[in-house]
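**Student:** Spelled out from the first residue to the last, the chains are:
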Amino acid sequence: MSYKYISMPVHRLIEEFSSDVHKVFEYIDSIYDRIHRVESRVRAFITIVPKEQVYSYVENLIRRVRSTYPLPRLFGVIVGVKDNISTRGIRTTCGSRMLENYIPPYDATTIEKLRNVGMVIHGKTNMDEFAMGSTTETSAFYPTRNPWSLERVPGGSSGGSGAALAAGEASVALGSDTGGSIRNPAAYTMVYGLKPTYGLVSRYGLIAYASSMDQIGPMARNTLDLALTLTAISGHDPRDSTSLPMQPVDYVELLNELLHREPRLKIGILKELFEGSDDEVRKTVYSSVDNLCAYHECVEVSMPYTKEAVAAYYIIAMAEASSNLSRFDGVRYGLKVPVENRSWIDAYTEVRTRGFGYEVRKRIALGAYVLSMGYRDMYYIRALRFRRMLKENLNSIFSKVDVVVSPTMPIPPPKLGEFFEDPVKIYLADVSTVIANLVGYPAISIPAGFWNGLPAGLQIMSKSLSEPILLYLSAQLEERTKLRDLIAEV
Amino acid sequence: MRVLIGLEIHVQLTALSSKLFCPTHSGYRGGNPNTYVCPICLGLPGTLPVVNRRAVEYAVAVAKALNCEVSDRVMFVRKHYFYPDLPKNYQITQYDGPGFTSIARSGYVRIFVDGRTKMVRIRRINIEEDPGKIHYVGGIEEAHYSLVDYNRSGVALLEIVTEPDMDSPKEARIFLDKLIAILEYLGVTETALEGSFRVDANISIEGYGRVEVKNIGSIKDVEKALTYEIVRQRRIIEQGGAVARETRHWDERKGVTVPLRAKEFEEDYRYFPDPDLPPITISNDMINMIASMIPELPDHRIERFMVQYNLDEYRATVLVLSKWLADFFEEGAKMYSNYKRLADMIITDFLRWVKELSIDPKRLSVKPYDIVRLLELLDKGVLSIKMVKELMPHVVSGGINIDEYIKLVGYTRIDDEQYLEQVALEAVKENPKAVEDALKNPKAINFLIGAVMKKTGGRADPQKTKDILVRVLEKVRNLEE
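Sequence order for the protein chains is A and B. Counting with this note's numbering, you get residues 1 to 490 for the letters of the first sequence. Counting with this note's numbering, you get residues 491 to 971 for the letters of the second sequence.
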């Protein structure tokens with residue numbers, strides 16, 4: 001049994017498979033072997049597709065692509081998919097009892113796209129229930145543990161995807177990010193995670209949390225793999241009215257072009273977000289920023305109202321969530337309860353009380369509250385106004401600098417259970433990440449370094465459609481820090 | 491006591507081939523339950539709506555035809571309420587209020603009531619999705635559970651809301667007739683289709699509480715329900731009571747309204763803009779383009795019929811309000827120039843049989859030429875009016891070719907004098923009393939003519955019969971003298 005494949009970057013894997021297509025089975029074996037060894041401790045997955053099924057999927061794929069040589073671009077690469085992205089024929093639970101037995105009859109657009117480039121889905125990763133949480137502890141099934149420190153959380157809500165990468169259980173992964181749900185676990189598991197510009201990646205098939213902020217994005221162990229996966233999943237989708245009307249973009253090409261040209265950029269260091277961070281996080285992230293400032297021009301910039309941003313984010317997210325989650329009533333799919341000889345209100349109440357966990361019920365209730373008559377002006381409408389103001393504020397910053405940097409998370413990964421004691425503290429930890437979602441701009445989290453064995457991440461955010469710039473800075477930093485293709489011992 | 495009536499009309503845009511937000515075929519009628527569905531109209535997790543552009547175009551056409559101001563953008567909102575026929579437990583609709591807008595507002599429809607013209611103002615028009623349908627197993631009262639059919643879920647609806655400008659059930663009926671005619675002329679809907687047209691009627695007696703009667707399925711029922719409500723509310727007021735502000739249901743079978751729920755406060759639907767549907771801009775070019783394609787509408791056609799065919803307003807209106815009937819008339823008028831006679835024949839005998847035989851006008855095989863041919867044969871004296879009336883059901887049902895039929899059964903007027911004389915002699919012999927009367931009073935001859943008609947099944951030529959009878963009576967008189 002060879003372990004070389006476990007940490008092998010995607011761009012190397014595809015070279016291997018194109019020299020000998022049957023190496024893909026050796027690769028599958030080693031991934032499953034790794035899962036067998038570590039998954040009981042990490043619990044990164046909610047559903048793992050049986051190996052035989054993956055084998056026959058790949059055999060069919062080989063038969064199909066033989067005639068269309070060369071192989072599709074990401075042939076055979078195993079991708080872990082967050083369990084809120086609909087996969088035809090594979091259970092999609094959203095981390096909830098409500099959908100414990102739900103098998104979608106259709107593929108999300110991103111899944112179709114992954115399949116089109118030859119990628120292989122071997123499992124659905126654990127997550128906070130309906131993506132509501134930042135530790136993967138609100139999953140209705142079990143929490144995921146951080147492979148770098150098993151008593152700590154891997155972040156969330158895409159904690160399963162981050163942990164699967166850090167533990168070597170997948171080569172790349174998809175997450176979704178509504179207020180930091182890709183970047184937070186990326187920072188906590190020492191991987192690269194990108195929240196794309198709103199509308200760059202189709203949301204069709206993503207089980208909605210807050211529709212105006214949700215984005216699917218890639219997570220990977222190096223920048224180039226991130227670019228490859230982003231290229232695969234992005235692009236206009238007529239099934240999503242919020243999808244941007246644009247031609248397909250090859251991010252690998254654009255990245256290589258920038259790396260070749262090496263433009264010097266102006267980097268804004270977000271004062272308030274560094275000041276608000278724990279000492280060890282600040283020091284770790286600063287040292288990584290120093291690497292960037294050695295080449296680029298760095299200036300300090302100010303972004304007031306960060307706490308207000310968190311409040312506005314939660315008001316909007318909860319309002320939209322209360323609406324999006326009203327469809328879960330047990331009638332067409334999901335948790336079933338006896339219905340005969342009782343009113344539908346009665347049956348619905350039972351379904352929604354038993355099917356949703358505490359955090360989800362809390363957010364639905366608060367969301368309904370902020371939208372209700374007499375309160376909507378005070379909360380929801382005010383939050384929308386703040387959102388517009390924030391965007392103007394950021395645009396004026398981006399008229400002076402190309403990108404802004406901050407710690408992704410202001411604190412190191414908490415221990416399991418630690419956060420439940422103080423829900424406001426947990427919400428405030430989202431201070432750096434929610435801004436990108438409120439304004440729809442892209443942001444990336446890049447491994448910054450370890451402090452006492454605990455990962456810390458650097459976030460870079462920029463204007464709409466600036467993904468090539470973010471990838472460029474990420475690749476530059478990666479080259480200096482060598483924090484790439486890292487797998488935790490577990 | 492002045493009556494105030496405002497209507498909320500829901501019409502399906504049945505001319506669309508797909509639903510409002512998904513590509514599923516919208517012609518669900520007659521289909522097995524839950525066969526006209528897809529992940530989107532079932533509200534499966536992760537699905538997203540995409541606006542059917544054609545539905546927007548149809549809505550703009552309706553807005554222009556109802557003289558409305560068209561909004562410069564289409565905005566959808568979510569209206570939240572839990573109900574088993576609503577797959578997402580919110581309805582995607584529109585809302586006219588601060589921060590939102592309906593697709594159109596501030597229009598009017600002209601109606602003719604008792605010889606005068608009246609405007610009924612249109613408050614607004616919304617585009618929205620239809621919910622599914624609940625089926626109570628064993629009836630609503632006995633059911634232990636219910637089944638839901640989502641075939642209708644997501645079908646495009648227009649909600650047209652009027653100001654309370656009608657003051658009688660009759661006016662409401664006349665308004666609805668006109669509105670439906672306009673929609674049919676636009677070709678956006680076929681209101682004859684089951685469930686494609688529903689009305690909520692708001693009715694109050696000035697100064698008293700307003701009652702909403704929900705979900706009335708036909709114009710006839712709107713008129714009946716309103717009439718019932720006026721009587722009910724008047725009685726309450728006359729007895730010194732207060733009309734409760736409430737929602738009532740029209741029980742078609744029993745012909746009464748029954749309370750549905752008290753409406754003490756407005757329900758909180760928690761409207762907010764649907765984040766899945768960014769606003770769509772409606773350009774002036776688009777509005778002008780759509781407006782330029784609007785066909786001739788009922789008001790204009792009525793006026794044209796009065797001028798071009800010299801019809802009075804009543805005849806013109808009856809013909810025009812039903813588009814197929816007006817088309818039928820105009821086709822016939824190309825071949826037959828006594829327009830008034832043609833109009834009368836179509837409005838009375840022809841229409842009566844179309845209704846009596848309950849033939850779908852779309853499937854009508856009778857051609858305008860057939861009616862024209864009947865009129866020509868009548869004019870030439872080949873057929874009597876009685877025969878035309880007898881032939882009409884056969885002609886309307888399309889079972890016969892008139893000329894061949896007449897030849898085949900000898901179904902023409904009898905003008906054979908020898909034969910008529912023979913029948914006349916029989917009639918004279920059988921009715922000595924009538925003969926006696928006729929000899930004294932020439933007008934009494936009519937009884938004998940009737941007798942001949944009876945014997946010939948109404949086919950005897952009336953003029954010839956009369957002439958022959960006069961001759962026969964003359965002979966009788968001579969014999970007596």
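Derived from the structure by calculation, the hints contain no laboratory data. The C-beta atom is built at its ideal place from N, Cα and C for all residues, glycine as well. Some hints here could point you the wrong way.
Stated by the list, open to error - Cβ pair distances, simulated, as ranges:
#, chain 1, residue 1, chain 2, residue 2, range
1, B, Phe590, A, Pro238, 23 to 31 Å
2, B, Asp850, A, Glu350, 42 to 50 Å
3, B, Arg743, A, Gln53, 30 to 38 Å
Stated by the list, open to error - Just a sample of chain B residues kept apart from chain A, beta carbon distances all over 12 Å, derived:
#, residue
4, Arg611
5, Glu684
6, Asp775
7, Glu786
8, Glu820
9, Asp834
10, Asn931
**Student:** Does each hint hold? Answer for all of them.
**Tutor:** For each hint, the structure was consulted:
1. Judged by the Cβ atoms, the range 23 to 31 Å given for Phe590(B) and Pro238(A) holds: they are separated by roughly 26 Å.
2. Range check, Asp850(B) to Glu350(A): Cβ separation about 47 Å, and the 42 to 50 Å hint holds.
3. Hint check: Arg743(B) to Gln53(A), Cβ distance near 57 Å, so the stated range 30 to 38 Å is violated.
4. With a least beta-carbon separation of about 27 Å from chain A, Arg611(B) lies farther than 12 Å from that chain, consistent with its non-interface assignment.
5. Non-interface status of Glu684(B) relative to chain A is upheld: no Cβ of that chain comes within 12 Å, the nearest being about 25 Å off.
6. Residue-level check passed: Asp775(B) sits 20 Å from the nearest beta carbon of chain A, beyond 12 Å.
7. For Glu786(B), the requirement that its beta carbon stay farther than 12 Å from each beta carbon of chain A is met, with the minimum near 36 Å.
8. No Cβ of chain A approaches the Cβ of Glu820(B) within 12 Å, the least distance being about 43 Å, so the stated non-interface status holds.
9. Annotated as non-interface, Asp834(B) keeps its C-beta farther than 12 Å from every C-beta of chain A; the closest such distance is 55 Å.
10. Distance check for Asn931(B) against chain A: the nearest CB is about 81 Å away, which clears 12 Å, and the non-interface claim stands.
Against the hints set out earlier in the document, a violation occurs for number 3 only.
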